[in-house]
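Number of protein chains: 4
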Amino acid sequence: MAGNSIGKEFVVTTFGESHGKVVGVVVDGCPAGLPLSEADFQEELDRRIPAEPKIVSGRVEKDIAKILSGVFNGLTTGAPIALMVENKETQSSDYEAIKDLPRPGHSDYTARIKYGGFNDYRGGGRFSGRVTVALIMAGTIAKKLLGRYDIDVLAYTQSIGTVKTDKKFTASEIRKNKNAAATRCPDLACAEKMEEVIINARKEGESLGGVIECIALNMPVGIGEPLFDALDADLAKALFGVPAVKGVEFGAGFKAAELTGSQNNDAFLLKNGKVLTSTENAGGILGGLSSGMPIMIRVAIKPTPSIAKEQKTVNLSSMENAAISVKGRHDPCVVPKAVPAIEATVAITLADHLIRSGFMPKVLKEH
Amino acid sequence: MAGNSIGKEFVVTTFGESHGKVVGVVVDGCPAGLPLSEADFQEELDRRIPAEPKIVSGRVEKDIAKILSGVFNGLTTGAPIALMVENKETQSSDYEAIKDLPRPGHSDYTARIKYGGFNDYRGGGRFSGRVTVALIMAGTIAKKLLGRYDIDVLAYTQSIGTVKTDKKFTASEIRKNKNAAATRCPDLACAEKMEEVIINARKEGESLGGVIECIALNMPVGIGEPLFDALDADLAKALFGVPAVKGVEFGAGFKAAELTGSQNNDAFLLKNGKVLTSTENAGGILGGLSSGMPIMIRVAIKPTPSIAKEQKTVNLSSMENAAISVKGRHDPCVVPKAVPAIEATVAITLADHLIRSGFMPKVLKEH
Amino acid sequence: MAGNSIGKEFVVTTFGESHGKVVGVVVDGCPAGLPLSEADFQEELDRRIPAEPKIVSGRVEKDIAKILSGVFNGLTTGAPIALMVENKETQSSDYEAIKDLPRPGHSDYTARIKYGGFNDYRGGGRFSGRVTVALIMAGTIAKKLLGRYDIDVLAYTQSIGTVKTDKKFTASEIRKNKNAAATRCPDLACAEKMEEVIINARKEGESLGGVIECIALNMPVGIGEPLFDALDADLAKALFGVPAVKGVEFGAGFKAAELTGSQNNDAFLLKNGKVLTSTENAGGILGGLSSGMPIMIRVAIKPTPSIAKEQKTVNLSSMENAAISVKGRHDPCVVPKAVPAIEATVAITLADHLIRSGFMPKVLKEH
Amino acid sequence: MAGNSIGKEFVVTTFGESHGKVVGVVVDGCPAGLPLSEADFQEELDRRIPAEPKIVSGRVEKDIAKILSGVFNGLTTGAPIALMVENKETQSSDYEAIKDLPRPGHSDYTARIKYGGFNDYRGGGRFSGRVTVALIMAGTIAKKLLGRYDIDVLAYTQSIGTVKTDKKFTASEIRKNKNAAATRCPDLACAEKMEEVIINARKEGESLGGVIECIALNMPVGIGEPLFDALDADLAKALFGVPAVKGVEFGAGFKAAELTGSQNNDAFLLKNGKVLTSTENAGGILGGLSSGMPIMIRVAIKPTPSIAKEQKTVNLSSMENAAISVKGRHDPCVVPKAVPAIEATVAITLADHLIRSGFMPKVLKEH
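Chains as they are written, first to last, in our numbering: chain C, 1 to 367; chain L, 1001 to 1367; chain B, 2001 to 2367; chain Z, 3001 to 3367.
Because the hints were derived from the structure by calculation, they are not lab data.
All clues stand as given, with none of them false.
Using 20 Å as the maximum straight-line C-alpha spacing, the simulated DMTMM-like pairs for lysine to aspartate or glutamate come out as follows:
| hint | chain 1 | residue 1 | chain 2 | residue 2 |
| --- | --- | --- | --- | --- |
| 1 | L | Lys1312 | C | Glu280 |
| 2 | B | Lys2274 | Z | Asp3100 |
| 3 | Z | Lys3021 | L | Asp1040 |
| 4 | Z | Lys3271 | B | Asp2100 |
| 5 | Z | Lys3193 | Z | Asp3166 |
| 6 | C | Lys271 | L | Asp1100 |
| 7 | Z | Lys3274 | B | Asp2100 |
| 8 | C | Lys21 | B | Glu2086 |
Cβ pair distances, simulated, as ranges:
| hint | chain 1 | residue 1 | chain 2 | residue 2 | range |
| --- | --- | --- | --- | --- | --- |
| 9 | Z | Ala3189 | B | Thr2279 | 27 to 37 Å |
| 10 | Z | Gln3091 | L | Arg1148 | 27 to 37 Å |
| 11 | L | Ala1171 | Z | Gly3147 | 49 to 59 Å |
Backbone N, C-alpha and C fix where the C-beta goes; we use that ideal spot for every residue, glycine too.
Turn these sequences into a full structure, and let the hints steer you where they fit.
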């Protein structure tokens, strides 16, 4: 069942469950010499929980990262970095009553079959969105590494349900409004509408999904491997590892399938001695290798499966048809929480490939 | 640069280039006892080349698979199976003239930077769609393994450019019309229109992309691993390893982002003592594990980057702006050729996970 | 620098340093349904520290394992199991004075070069024998898994310096005297002599090494993979990962090189319907696969490099020749402590291969 | 059963059987820009077969390597390099008669159980020493890479049976007498005695083993990873993957276990501004990392299990005790053939770690 690690040079192994003691991660392969402190993780961990209580689960943890290993005198040593966050706000009793009633859209049924019933089912256990805390911790390190080379990874909410911003944002606009709206949409007018529809969904015992766009700026040219370890292949793998992701596309993505070659191809041109492209349909990746243009990814997030509205299910103990109304604390929309998780996941993958390619050294220079 | 293998138990390593001597593959981890002969590969290899010359590249190879190892007395032995197909129809001179002119939308530029100019640039070299021949050979083995358990993987063309079939097909309809249309669309009326738009695109020096849908039937419940090695994550990784793929979605995919929880969740119900779902928005995967419902994947294929129409590019030798019109033989649309490659890729990933899970044994029983 | 994981199905990732906060391990791929509690680790952890203070370092930690994840209701869940032990008895000041003076025989010099000086040098940091605590925790789980199939792994001290027992022990003799002697030699008369030479060595500011023999009983036939993942190859890799190991041999080992074919070959014979061998020169492994006979491994442990006696070294800061006398607390002989680490390492490797082969299922049956 | 690959950055996947069509290898991760031609492999392949027919098997193949991929214009491209050698001199009928009679000391019995009888048993199939041809091809590439940095790997026969040279050789002595003696011992007087004992052993229907010593010169300092991917751990794993290896030790090896700390520790000293050690007991590896001193490895090779002398075995079909006298062509001593295989194996592992460490770039500079 080993499958809880990702990466070849920057190897991230996560552990922990929603209602267990901790959520944690081991980052193996981080170059030596990177300044790192527990405070570095706080901003990203805090950002995971939007400040607007109306749109998030009643379970609000003040997550505080502990560094267990791999840092000495405030710098990474090259040894594996183990990190953990304690789970405190668990109400496991919520789940006892629905133990045998798999929640539609959740992993309850499939996990029960896979693990012969031994899995920790409380709050989705290992399959909970809470495990993204581990991604965010590893992503914080990855982002610091990328920052050395001015590579920036920026994600934002593009749509919630059918509410969508049509604006194209510059990197500085995304950065500026990063946390301005609880829904993490930099178009603040749109963000407000998103908040409304989430609040309404909750009132109706419903939930919503949405689309997150993520861009990565200043990637050097030629990062990635051909075919199986293509940069887009590894990004997609990592992104589908984030709970609730149902679709991933790069650049024009599914729209590219409707264009002609001359419409879709990004013409090369010289600008200040650099090779750029006039359009960005490829999403910054050609042949699985970074092109030097911004990497652009769109990720579809499904609506939270846990809803108060009654749904049909099957009682796996009595093997009879049944109904369920999920009473536990749950988010009416996980998209805002997923924004930093998507950023982290992209950063982790880029860091791995930058090290694999030899672009990023194993020992960092003084900074 | 090692990145030419995929899988953990059914490990596929490909090699070869478009204009090199061969395209080949090593399949390590195939269970022992599977009947396998060179003839087994022929149907799939033949199927890669639609019989309608108007819609395919002038380069038509009669690909014949050679088994180099791993088979004894007509049965797999458990040792690695090496396979190769010789390249014969190469016109490498086509590429000499455009060596310094990277084709927009292609890997020419990124590969040149990555490999310091040492890459084999002829016909895209290692990045050519021709390497899907290796996937198809490995996929043939994977499909035979899946067939033991009545697991069937079926792909078909859902759209070419803006021509799209809205029909939903049963598995037997897809099977029946598998090769009926050169465009691999089982809706034969639509298939004809697809053929037309491809022929028109070629006339105009253009190319087209499209969408391929792939389903996998009869998967057992609970196959896949949580998080990083989720079944959808590994499928997506493998699929983005197929040249020209720009988007992958499961079940409702990007549409799920617009639905509410109660709309998107697939309710569980009992039918003949089995747990099924009433709808199929999840695409047969919950929490990264197979649910027992059909796996449904949609893959966006971009239009072939090689087009006769003049495009802007940069001369990488003189570092001046330039123009290119690609004269080499190329497909006006790779979607039909990609259909068996997508099937193969999905089959490879499913076989790997079925072995990993312990569902498929390392030594097969008499059949 | 990623290299802190081992195994393909039972994947062990360790973290922590000698003088950091913790030593820990993540075990990914443990089958679900194994009873596991924190108490299970105590016997093995205690056994690491011989009760005789005269032969061990002054640093005696009461190591207590904490289970952080992967266990629910007293049973493994199939999710990764994270474990840690806190470091308490650290006297890091011992190492400040010798920071620039690499101890001969230690990793101080090579680690400093590799990590550009960023490594945690205190007590050897990541290279300390203390990290075997992580192996022992993972090994405890592995042993419990093996126990399900009556597979037993038993190690003991065969020699310390030039003091060697010539006796051959039955499994029950090894088990019986497992902890009888502080030196972990089941020949108690010899064990006493071993203790003496260790005490004498310490008095003289010296240290000693020795040889550990490890046997594994009741392994099924045919476990292992051909060539690179041969059972002996993976055992050797894991064993050389234990600090201070300088040689590994199986069965007759180096002696086999002096025998003729007929002397060295173990003749097959039938006994109670089972295929056995009349001799055991192969050490229970033929062609990299277990033969069903006891696996026999001998491991050479070098004398502790840290000694009070003055040694020549180089001051890496001033780049001048220098002398060093290691004052920190250190073991005069690590062989007794290494005994459970060797057992753990062998158990980890066997568990991995038993799962890989399909012999051990991913979900355990009630027991 | 996947286990036919080794390495993390320089990944070697072998395929082929003793009596199949070919023996081959895919080398993934070779840096781009290395001059490589089919002729490069010839010297190493020829060297595998000592010119003295009296001491080798009657099966003498003129092995000729074919490059199938990964080389363009005489230089490696960064794409996987596939290589193969055809098997021609197979006399498979030799093995039909003994199909059910496992040869003592061979993999016949264990492989039959593991693969449920589907394995290719002819000449040991996948377990034959013939697969070292694949190692030698991959090793040829590795050696060329090492040669760029003046890193040299030299192996020689130190003993055959009880005939042993006590001489210590300089690198140039080993190089000079590399192929001088058919037994590959640079001490030519001793080499002659070795030849005699091999010829005598054959006459008596017997076989002999021996010890090979291998040194690697000019390795930079700090190559390897701590613990599991220690340089010695990975070397040992690779070496035990060579058929017939029963023991591996570094530097003083098993002798170190008898020394005191001050005897075994190699004191550091400055010489021409470089940090060296006064003795070489560590075998050039400290803490799993290269120390800059010569790497010294000793490998025990068991006597060829195939002997004409009658041995006891079991008929696995009738399940009765039986006798066997191996009539097929076989080497009376595989040590001379193993010498280049050991060199190749060491070179492969060093190349992998040099790339992993970042010391060797992914694209080579003009030379």
